[in-house]
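The whole structure should be built from the sequences, with the hints applied where relevant.
First to last, the sequence lines map onto chains W and D. When you line the first sequence up against the numbering used here, it's residues 1 to 115, in that order. When you line the second sequence up against the numbering used here, it's residues 1 to 109, in that order.
Note that these hints are calculated values from the structure, not bench results. There may be inaccurate statements among the hints.
[Said to hold, decoys possible] SDA-like cross-link-like pairs, simulated, lysine to any residue; straight-line CA separation at most 25 Å:
#1 W:K41 to D:S28
#2 W:K40 to W:K103
#3 W:K103 to D:N12
#4 D:K42 to W:T16
#5 D:K2 to W:V114
#6 W:K36 to D:D57
#7 D:K42 to W:E53
#8 D:K2 to W:L27
[To be verified] Covered stretches of chain D, as calculated for chain W (at least 3 residues, CB under 8 Å):
#9 52 to 60
#10 99 to 108
[Claimed, not checked] Using C-beta positions, here's what the derived DEER-type ranges look like:
#11 W:N17 to D:E15: 43 to 53 Å
#12 W:Q111 to D:S68: 14 to 24 Å
#13 D:A67 to W:G14: 48 to 58 Å
#14 W:E67 to D:P109: 42 to 52 Å
We treat Cβ as the ideally placed atom computed from N, Cα and C, and that holds for glycine.
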Amino acid sequence: ETGVTQTPRHLVMGMTNKKSLKCEQHLGHNAMYWYKQSAKKPLELMFVYNFKEQTENNSVPSRFSPECPNSSHLFLHLHTLQPEDSALYLCASSRPRQTTNEKLFFGSGTQLSVL
Amino acid sequence: RKEVEQDPGPFNVPEGATVAFNCTYSNSASQSFFWYRQDCRKEPKLLMSVYSSGNEDGRFTAQLNRASQYISLLIRDSKLSDSATYLCVVTGAGNMLTFGGGTRLMVKP
Numbered sequence: 001e002t003g004v005t006q007t008p009r010h011l012v013m014g015m016t017n018k019k020s021l022k023c024e025q026h027l028g029h030n031a032m033y034w035y036k037q038s039a040k041k042p043l044e045l046m047f048v049y050n051f052k053e054q055t056e057n058n059s060v061p062s063r064f065s066p067e068c069p070n071s072s073h074l075f076l077h078l079h080t081l082q083p084e085d086s087a088l089y090l091c092a093s094s095r096p097r098q099t100t101n102e103k104l105f106f107g108s109g110t111q112l113s114v115l
Numbered sequence: 001r002k003e004v005e006q007d008p009g010p011f012n013v014p015e016g017a018t019v020a021f022n023c024t025y026s027n028s029a030s031q032s033f034f035w036y037r038q039d040c041r042k043e044p045k046l047l048m049s050v051y052s053s054g055n056e057d058g059r060f061t062a063q064l065n066r067a068s069q070y071i072s073l074l075i076r077d078s079k080l081s082d083s084a085t086y087l088c089v090v091t092g093a094g095n096m097l098t099f100g101g102g103t104r105l106m107v108k109p
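This is the structure in structure tokens:
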């Protein structure tokens, strides 16, 4: 196992629903990330947290709201999503971000379908 | 120009073949380079880091060419289990890791 667990694995939601994705890492890392992977597109970085502080928000629409209560847990709260938000959402963790990047360890992802 | 560019493939090769992928990057200040492997409907997993002097791990060899701004991955004696998408990852703007679109490899019996 990767040491990064994500739930749920699959999620189908309507455009008016509110749901949350959960990520937990057991690797002792202090940086956590949300990535989006759409079909036939590269992974897109959404958010970065370093020691529980958000350090990157890559112009993500406000219908995606991250939360990092501690270095081991990361949430992505979803509301009023659009069909084009359907994608694989991947959580990752690493040692703290410094001047050079650390290796990323990914969770299995949540396959999200918005109807 | 994309920050990190890869030939999407697919590369179809027979078992036992040697195959090589290149990846070009646009940020000449990039410091970190990696190859990740992603199986269908699975998460990316680190395959190997790429060092300036090049590095080898079993059947896999990674090279960095800073002058031409590309990295390469060579796979010798391909196995069926090598079939996957190989993602090139480079530090991009703001020193964040930037992923290429991936190169799909299919090893056939």
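Hints, verified against the model:
no.: 1; hint: W:K41 to D:S28; result: holds (23 Å)
no.: 2; hint: W:K40 to W:K103; result: holds (23 Å)
no.: 3; hint: W:K103 to D:N12; result: violated (29 Å)
no.: 4; hint: D:K42 to W:T16; result: violated (28 Å)
no.: 5; hint: D:K2 to W:V114; result: violated (29 Å)
no.: 6; hint: W:K36 to D:D57; result: violated (30 Å)
no.: 7; hint: D:K42 to W:E53; result: violated (28 Å)
no.: 8; hint: D:K2 to W:L27; result: violated (33 Å)
no.: 9; hint: 52 to 60; result: violated (count 0)
no.: 10; hint: 99 to 108; result: holds (count 4)
no.: 11; hint: W:N17 to D:E15: 43 to 53 Å; result: holds (47 Å)
no.: 12; hint: W:Q111 to D:S68: 14 to 24 Å; result: violated (38 Å)
no.: 13; hint: D:A67 to W:G14: 48 to 58 Å; result: holds (53 Å)
no.: 14; hint: W:E67 to D:P109: 42 to 52 Å; result: holds (48 Å)
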